[in-house]
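S.K.: For reference, the chains in residue letters:
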Amino acid sequence: MHNEPLLSVNNLTVDLLTSKSAVRPVDGVSYSVRQGECLAIVGESGSGKTVMNFAPLGLMPTGVTTNLSGSVRFEGQELIGLSEPEIRRFRGKSIGFIFQDPMSALNPVRRIGRQIAEMAELHLNMSPRAAEARALDLVKLVGISDPSARLRQFPHELSGGLRQRTVIAIALAGEPKLLIADEPTTALDVTVQAQILRLLKDLQQRLNMAMVLITHDMGVVAGAADNIVVMYAARAAERGPVDKVLVNPRHPYTQGLINAIPRREDPIGSEFRGLPGVPPTLGAPINGCAFAPRCELAVAACTRSRPPMAPAVDSKVSVACPVVNQGKAAA
Amino acid sequence: MIHFISKRLKHSLVLLLLASLVCFTLVVSAPGNVAVLIAELRGAVATPGYVEQVAEEIGLNKPLLMRYVDWLGDAVRGDFGISYRTGQDVSADLANRMSVTGTLIAGGAAIATLISLALGFLGAFWPYKLPDRVSRGLALLGASTPTFFVGALVIYGFSVTFQLLPSFGFDGPQSWILPWLTVSVLPAAVLSRVVRVGLEEAMASPFVLTAKSKGLSRTAILFRDALPNITPIFINALGTQVGLMTATAIIVEPLFAWQGLGDYFLAGVRFRDFMVVQACLLIFLTFFILVNLIVDLAVLLTDPRIRRQWS
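In order, the protein sequence lines correspond to chains A and B. Oh and the first sequence: position 47 is 47 in our numbering, straight run, nothing missing. Oh and the second sequence: position 243 is 243 in our numbering, straight run, nothing missing.
It should be emphasised that the hints constitute simulated quantities derived from the structure, not laboratory data. Please note that the accuracy of each hint is not assured.
Unchecked claim - With beta-carbon atoms standing in for the labels, derived distance ranges:
1. B/129 / A/140: 44 to 50 Å
2. A/152 / B/145: 52 to 58 Å
3. A/148 / B/308: 15 to 21 Å
4. A/281 / B/129: 31 to 37 Å
5. B/129 / A/308: 39 to 45 Å
6. B/145 / A/21: 46 to 52 Å
7. A/152 / B/25: 49 to 55 Å
To be verified - Taking lysine to any residue and the SDA-like style, the derived pairs with C-alpha atoms no more than 25 Å apart in a straight line are:
8. A/93 / B/96
9. B/129 / A/5
10. A/93 / A/222
11. A/316 / A/5
Note that CB positions come from ideal geometry on N, CA and C, so glycine has one too.
Let the sequences and hints guide you as you build the complete structure.
M.R.: In structure tokens form, the structure reads like this:
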């Protein structure tokens, strides 16, 4: 039992049903996160990385029906199939969340202090006074200057960076074991991005939390994550330790992604090296590899059946590409 | 804050002055000659000579602007003149009648607030489910039923059929319930939609996702996160409705034989009793402007984002 990962996701599929349409933003994805580990989930917009983390915890907008299959186990307990009140007990207490846009993530008409303190009241059974004291500690912990004055302020009185620090303080208030950060630096200024990322990484290590970092910024991945899952069109394309995947990407999509990062030696004004083609639209079922139409290595077999995730030469890395895996077999 | 209040007070004063001038002009230029009526009321034969004498006596022959300035000057000092019809001091009548209308509006506003919050929350708690549909249906019904008909209905139901409450008079809380209910129906219907729609909008905000991620229940989120966000909107809408209740009072007070301002105003209009009509209008105007001022202050207190612009 000790060896079981904190979070283990197996063959997770999410179907979203609205009154008009049905889409599958997550299609048979597996990964796991151990205590104290940071896992990055990267992929372009619409690749399902946010839904994959939010849907099993009941954090979807109202009016959307989610249909989950597969398995999501947190500390050995299966989350899929739990009722909303049962899942709610995990939110905030065991699992903290950080959102993309700190400008809209805080309630505009409530004081910062209350928004943090109510977490301590809810999850640590603290009295309002004790919770206020805890809020003060948390605000200090996330590096907000002039902490006691800040607690009495409203969100609009704070800068983007301070607001994101507040969101982090809220996420930490219930003493979670896992932190899910959905593009925590995307909406911030570049200089602030680095500070927030360093803060998150530092807190994760000091508090020995696990962290799932959802991002599309390879720089963030390189700086913070231990392992990485690369998502493409609702499926996992490649999975493995960051140093292996970033240095030696195997899946053609991962290669394309890393190749697209602008380099220092690029002449000023040169065009971006994007991937040719566009990602498939969600909704239409894909039989073969989702990336095949844009792939340089694609062979006829790629469009016939969905390529399974298989260990590459280095067995720590798994790749869902028949060509790459075939080459390994031949080698 | 002080700066805001003084600025708003200045605006209100200018507004009051302009509005009173418009009202005065309209009332005075209405057709009909009050001098004839007064002459007849005094029992004399209304010969042209006597009518002219009456007109001179009550100052109808002076230029319009002079009459306005005279009237306003007295009104500011609390003297609203003498009723053409009864010969009594208008100011003395007003004092009694204001408390009657005040009771009507205060009670009606309180009931409307309670009903609309209850209906709105019911709808927001079970959106698009049965309670929401019932609340929406009631709102539609309440907003589209004329007030005089509501009054007749409650009298028929509570007084005639079940004989629970008195159908007229102004003596004690028991006699207040039916008029309160009658004036509150329309505002309650309108405000319940404000609450329902406001809550739904607030519940779709990104900060509600944060609240969910904290592990709060839907009920807790509705009250802790959504309600404070719709408070300024609600106060605004409530202010408008309270202002409009002065108009409803004109219908409801005669219905329940309440001697309030609405009733006074109506009697004044019937007899072309300018002094009474103008006094009532000025009070209605002042009330409307005052309500607006209070609303702005209340919004200032409930929305920190607006407060910041003025502090």
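S.K.: So, for every hint listed, does it hold in this structure?
M.R.: Hint check:
1. Take residue 129 of chain B and residue 140 of chain A: their Cβ atoms lie about 45 Å apart, and the range 44 to 50 Å holds.
2. The hint said 52 to 58 Å for the Cβ distance between residue 152 of chain A and residue 145 of chain B, and at roughly 47 Å that hint is violated.
3. For the pair residue 148 of chain A and residue 308 of chain B, the supplied restraint of 15 to 21 Å holds, since their beta-carbon distance comes to about 20 Å.
4. The beta-carbon spacing between residue 281 of chain A and residue 129 of chain B, approximately 33 Å, falls within the hinted interval of 31 to 37 Å.
5. A C-beta distance of roughly 44 Å is found between residue 129 of chain B and residue 308 of chain A, which places it inside the suggested range of 39 to 45 Å.
6. Look at residue 145 of chain B against residue 21 of chain A: about 41 Å separates their beta carbons, and that is not inside 46 to 52 Å.
7. At about 52 Å, the CB distance of residue 152 of chain A to residue 25 of chain B agrees with the hint of 49 to 55 Å.
8. Restraint check: the Cα-Cα separation between residue 93 of chain A and residue 96 of chain B comes to about 61 Å, which exceeds 25 Å; the hinted pair is violated.
9. At most 25 Å may separate the alpha-carbon atoms for a hinted pair to count; residue 129 of chain B and residue 5 of chain A exceed this at roughly 41 Å.
10. In summary, the hint linking residue 93 of chain A to residue 222 of chain A is not supported, as the alpha carbons are separated by about 29 Å, beyond the 25 Å threshold.
11. Between residue 316 of chain A and residue 5 of chain A the alpha-carbon distance is near 16 Å, which keeps this suggested pair within the 25 Å criterion.
The structure fails hints 2, 6, 8, 9, 10 (numbered hints given earlier, in ascending order).
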